[in-house]
Every structure is written in C-alpha cells, then in structure tokens.
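2 protein chains.
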Amino acid sequence: MKIIVDAFGGDNAPLEILKGCQMAVEEYGVDILLTGSESIIRQTAQQQGISLSHMEIFDAPDVIATDAPPKSIMREKKDCSLAAGLKLLAEGKGDAFISAGNSGALVFGTNMIVKRIPGIKRIAFAPVMPKREGFFMLCDGGANVECRADMLVQFGIMGSAYLEKVMGVKNPRVGLANVGTEDHKGGTLQHETFALLQKSGLNFVGNVEARDIPGDGADVVVADGFTGNVILKLYEGVAMELFGMIKELFTKNLKTKLAASLVLNDMRALKKRVDYNEYGGAPIIGAAKPVFKAHGSAKAKTFKNAIRLTKAYVEGHVIEEISEAIAAFEQEHGGEEA
Amino acid sequence: MKIIVDAFGGDNAPLEILKGCQMAVEEYGVDILLTGSESIIRQTAQQQGISLSHMEIFDAPDVIATDAPPKSIMREKKDCSLAAGLKLLAEGKGDAFISAGNSGALVFGTNMIVKRIPGIKRIAFAPVMPKREGFFMLCDGGANVECRADMLVQFGIMGSAYLEKVMGVKNPRVGLANVGTEDHKGGTLQHETFALLQKSGLNFVGNVEARDIPGDGADVVVADGFTGNVILKLYEGVAMELFGMIKELFTKNLKTKLAASLVLNDMRALKKRVDYNEYGGAPIIGAAKPVFKAHGSAKAKTFKNAIRLTKAYVEGHVIEEISEAIAAFEQEHGGEEA
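Line by line, the protein sequences are chains D and U.
The opening residue of the first sequence carries number 493 in our numbering; numbering runs sequentially from there.
The opening residue of the second sequence carries number 493 in our numbering; numbering runs sequentially from there.
Keep in mind that the hints were calculated from the coordinates and are not lab data.
Treat the hints loosely; a few may be bogus.
Any copy, or any two copies together, can satisfy a pair, since identical chains are not distinguished.
Claimed, not checked - The calculated lysine to aspartate or glutamate pairs, modelled on EDC-like cross-linking and capped at a C-alpha distance of 16 angstroms, are: (1) K739 x E625; (2) K744 x D758; (3) K793 x E508; (4) K613 x E822; (5) K579 x D554; (6) K739 x D758; (7) K677 x E638; (8) K763 x E740; (9) K677 x D559; (10) K677 x E701; (11) K570 x D554; (12) K725 x D708; (13) K725 x D767; (14) K494 x E583; (15) K494 x E807; (16) K494 x D523.
One chain only, chain D, in its complex shape (with noise of 0.2 angstroms):
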C-alpha cells in the first residue's frame, strides 16, 4: 500500500511528519510518497538521520498556510505539497492521502481535485472526537455550512460505516444532534433528518442532546456542519479554559502545589485523553478515495498513527462500503419525501 503524505502540512512539518513517516515504514510495512520541497526533505532526512526508505519524493516546493483562504487551493497554490497530494490521489499514484495541513483547503481541494464518491452530496469533514469513555464521531465537523436533510442521512451511513470499518465499532449507535431528546424537538432541517435517518436502516438511536454528547449520548453525532463546527469548537473552548482554571488552583500556595505533585501524572494523561487534537483525527469522508486530515499540532507519534488508521480506511474498503450503503438508500427512498 503506498499512503500520499503532505510533508509540509502542520506545525511541525516536516520533521515530526517525516519521523511519523519512517515509523510507519517500520511498523506498518507501507510505502510512502512524500510531497513537497526535495531540497528539504532530503537536507532534514540527512541532518536528522531519518532513513527515506520506502519513500518517494514528489518535489512541490510550494507550501500553503494554515490560515489561508481554502480557495486558494485551486488557484495560486494550486501546486503546493497540498494541492500536489490530492493530484496524485486522483491519478492514482497512490491508495490514500494524508495532510495535517489547512483543513478548510483540504476539504474544498479534495472536493475539487478527488472528488466525490457517486451519489454523494457533500463531503464532511468527520473529526473522531473523546467521550467519557472512548470516542465518537461529528459528521459534519464544520465542511458544510448550510445542509439539506438528504445531505445530513447520508452523514450518518458515512460515519457509521467509517466508525464501524476503522474504528472496530459494531452496529454504532446513530444519533442526531439536537436541542432535546424527544422526536418532535429542533426545526424543519431536524424533523426531515429524523424521518430520513429512522428509515435509513442506521442503527438509529434518535435525538441527541447537547449535553449528553460527552457523555455517551451517540457513537456518530449527525449535524449540519455549522452546528457540527460549534460543538467541535466549544468542546475544546471549555476544556481548555477548565484546564486552565484547575492550573491556577494547582499553583495557588504551597498545599495545592503538594497536591499538584502529587496527581501530576494522573492530570497530564487525563489532559491527553480529553485533547481531541491527541485523538483519531478527521477523514474527509464522502470524498471517491481515502484523504485524512491529522492534527496541525501531531507529533511523530501522533502522525504514525494518523497513517495507521489512513491504512485502516483503505484495507477496511470503507469507500465501497458507503458506495453500496447510499446506493441501496437511494434505491428504496430516492425520490420519497422527507
């Protein structure tokens, strides 16, 4: 399996990807094409005693910012490592895509370049996010602005077959996120989606509160993407100001410092637990091949992990599988109203 890997992407491109990469190497036995600068690649490699075997290098000197304007992508970055990654997807120079860089180019140049899976409305941008125990999955996380109920059931076949094909969930648990758990609750948008996702064939559990998403509330959370986009943002808003608020406690006077020392560890993993940036990062899911998107932030542990589960997705044919799922809805409902 050869895994196309955007080595300018993230805060930390490209040595922590290129680190993550020949780990990956090692211990996934995948090969791997690199896009962007050679120059550089070749110069970290060396400096840094990273072996580059198993890997190709496709030379795209150009790098896109973190916060560049998505747009950007097709025009006057159209040939950076970014840009470069998906064109090689789409020609099949590889299985599979991977980038830790600017997620809102990501999603629109793999709609633009990749493409969609036939019978697909949208993409999504799917984070696999932390809940009490384990995780779940936010489709859409924020791709899609505004969304038709017809878009939002085929988020739930996407991330029930992502979930259940990469993640190892059976028969996950589909829920709709909304403003209460009773069926009527929410707008026109919610009262379609309900009535889709109930015929669906989804393991669909129904309404999803807020509050219940971080508990265990649903293992797919269905949402249009600005809603979707504000539960990813606020989850990790509160997390990060309750954090902090606990650090300061920790450093008030001498007592709380003892006790700090004393659950340091305990804190520090229960901080990574919570992090979703330390979790399963984002498939653009709905696009015709495999494009993950890792964490800015990863780390070389981070990211070879980030290409085990972009591995997973291709081995667990979750393409073929979402194909045949929407194919098989379209065909019993296609053209039924909501």
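Using the hints provided, position chain U relative to the given structure of chain D.
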C-alpha cells in the same frame, strides 16, 4: 416593589422558595405575592418557622411539572401556580414575576399571557453564564429554534440593555456566535445578522468562534435558539464530564486521595464558579413586563439572588430601554434589506 413568585416551581419548592423569599424581604425590602397552594404554603411556613411578613398568597393549588409540554400551560395547566403568576403580572398585580419551574412553559406562557414589548418579534430565553472571568449572556438560549436576522439583531439589543442595566456591564461587547471570526463566516442567517448588527449602534465586536466563548469572546453572545441551546447544553455537558473524570482521578488511590483532600475546598469553589446553575438565572427577555427564570435546582440563597436580579430588572427600566432602542433601530433601518 412587589415581586410575584411561583412558590411551586423548581426542585426544592416550596420550602427553599419560601426561605429565599423571606431573605429577600429582609435584605431588599421587597413585597412578595406568592402563587401556589395557600394551605401548603401556610403549613410549610408554620412548620419551618418562616415568616410570611410582607407576603401575600394567591391560591393556585395546581402545579405544572418540569417536563410537562410547554403548551399545557394554556390548556390543562392554565390554573397552575406558574400560569397564575403570569396572569397576575399581566393584570398589574405585581412589578415582575419569577419562577424556578418549567422553562418551556414559562417562555410559552409569557409570550401568550404577558405578551411582547411592542416591536419585539420574539422573546428570548437569555441565560447569564460563566466564562473564564465573570459572565456572558447567551441570547437566545433556546426559545426560538428557527430565527431570522431581524430577530437576532433584537436579541443583541435586548441582551445589551439587560447586561448594562441589571448586571452593570458598561458598553457590553456583542458578538455573533459563528464558525470563525472572519466577517464572511457562516451561512445566510449569519451574513444577514452580521450586516444588521454592524449598523445597530451596539458595541458589535463581530463573529465569535465557539472556541472563544468560554474564554472572553463577548459579553452578549447572539445566536438563533437552536445554536444557543446547543451552546448552553454542551457547556454543561463538557464541564460535567470533566469534573466527573477529575473526581475519578482523585479517588483512584491513596496518593490521589491525599491530593484531593488538599484541594477539596478549592475544587468545590471552582465547580461552583463554573456551574451555571449558580449564576444569574435567565430573564425571559422581550416580554412586556419583567419575567425571570431562576434555576430549577435553586436553593434559598440562589433564589434570593434571583429575586435581587429581578428587582434590578424592574429598577433598571430594562423594558423601557429595550423599547426605545428597538424603536430607534426600526426608525433608522426598518424596511431596509439586511
């Protein structure tokens, strides 16, 4: 000033409500008009040694449950203590109404019985919530699942008036809940609302990303009721799960238990600080007369504080302030396209 109080709203009614009322009479010099079963009120007061000085009772023996359908307030529950309070307020038998009961019924009943300030399109449920330092107001926190931009700009105007007059925030910063900080972020609703807020005369600070809300994004966070309710409930859910995990950590072994004993009081204080149930409650804003929702779990002291805020709601002439601001905005921009 006479405050009408639903003596049978919330988890701790009527005992804690009556205790809170007694404290408010003593500390703030208010008069109270209680609604609820007169016999149970008198019996409870006598048994618990609570003075009913400066308190009248309007006998309304029926009670609406917290989870009853909001619309039942106009039908089978039209004579409950909550409905009675709203009617007494509408009839001018008191200056404001406060209940710790069914939020949905309070919003629905306020809209039907107390009615809106002329020119106000929708009343909003506007909880005051904790952030890293101090608080912010979320407007709308869930009264209106589907909104138009002209409603959202009114939420900003109303929230701003309340924070300034009741909470003492000078020139409150108004932000629009969105999926990013750049001006063009969000969907049609956000674009239209952004344009209206820009010319509203409010201290509009632009879009607030959900990640920044718990830090210090804005003093008033404007959102449609769906998004606002997701924010409100996810806030609670994430905090609850994190505190649950920390509790687990502290009870793990002897070392962590020792640490826990050292920071017990500090952790309790922190938990209280971020518990929005301990905060300022929520005005039902946009109503023609002051209606206030105290937290369902309010005990005597919290309820007393809620009465203090309700008194400030009256004395701050918030209704008049909103009325004038809305009229000024309509005169300047009414009929314009967003």
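Quick rundown of the hints versus the structure:
For the identical chains of this complex, K739 and E625 are inter-copy neighbours only, at 15 angstroms across copies versus 23 angstroms inside a copy, given an alpha-carbon limit of 16 angstroms. In this assembly of identical chains, K744 and D758 lie within 16 angstroms of each other by CA distance solely across copies; the values are 9 angstroms between and 19 angstroms within a copy. For the homomeric pair K793 and E508, the shortest alpha-carbon distance inside one copy (8 angstroms) is at most 16 angstroms, but the shortest distance between copies (55 angstroms) is not. When the C-alpha separation of K613 and E822 is checked against a cutoff of 16 angstroms, the pair qualifies only within one copy, where the shortest distance is 12 angstroms, while the shortest distance between copies is 41 angstroms.
For the identical chains of this complex, K579 and D554 are intra-copy neighbours only, at 14 angstroms inside a copy versus 69 angstroms across copies, given an alpha-carbon limit of 16 angstroms. When the C-alpha separation of K739 and D758 is checked against a cutoff of 16 angstroms, the pair qualifies both within a copy, at 13 angstroms, and between copies, at 12 angstroms. When the C-alpha separation of K677 and E638 is checked against a cutoff of 16 angstroms, the pair qualifies only between copies, where the shortest distance is 12 angstroms, while the shortest distance within a copy is 19 angstroms. In this assembly of identical chains, the alpha carbons of K763 and E740 lie at most 16 angstroms apart whether taken from the same copy (15 angstroms) or from different copies (14 angstroms).
Within a single copy, K677 and D559 get their C-alpha atoms only as close as 36 angstroms, which misses the 16 angstroms cut-off; across copies the closest is 14 angstroms, which meets it. In this assembly of identical chains, K677 and E701 lie within 16 angstroms of each other by CA distance solely inside one copy; the values are 10 angstroms within and 25 angstroms between copies. Taking the shortest Cα distances, K570 and D554 sit within 16 angstroms of each other inside one copy (9 angstroms), while across copies they are farther apart (69 angstroms). With identical chains, the CA atoms of K725 and D708 are at most 16 angstroms apart between copies only, with a shortest distance of 14 angstroms across copies and 18 angstroms within one.
Taking the closest pair of Cα atoms, K725 and D767 come within 16 angstroms of each other only inside a single copy of the chain (12 angstroms); across copies the shortest separation is 20 angstroms, beyond that limit. When the C-alpha separation of K494 and E583 is checked against a cutoff of 16 angstroms, the pair qualifies only within one copy, where the shortest distance is 13 angstroms, while the shortest distance between copies is 76 angstroms. Proximity of K494 to E807 under the C-alpha cut-off of 16 angstroms is restricted to the intra-copy arrangement: shortest distance 12 angstroms within a copy versus 71 angstroms between copies. Only within a single protomer do K494 and D523 lie at most 16 angstroms apart by alpha-carbon distance; the minimum there is 5 angstroms, versus 77 angstroms between protomers.
Of the numbered hints listed earlier, not one is contradicted by the structure.
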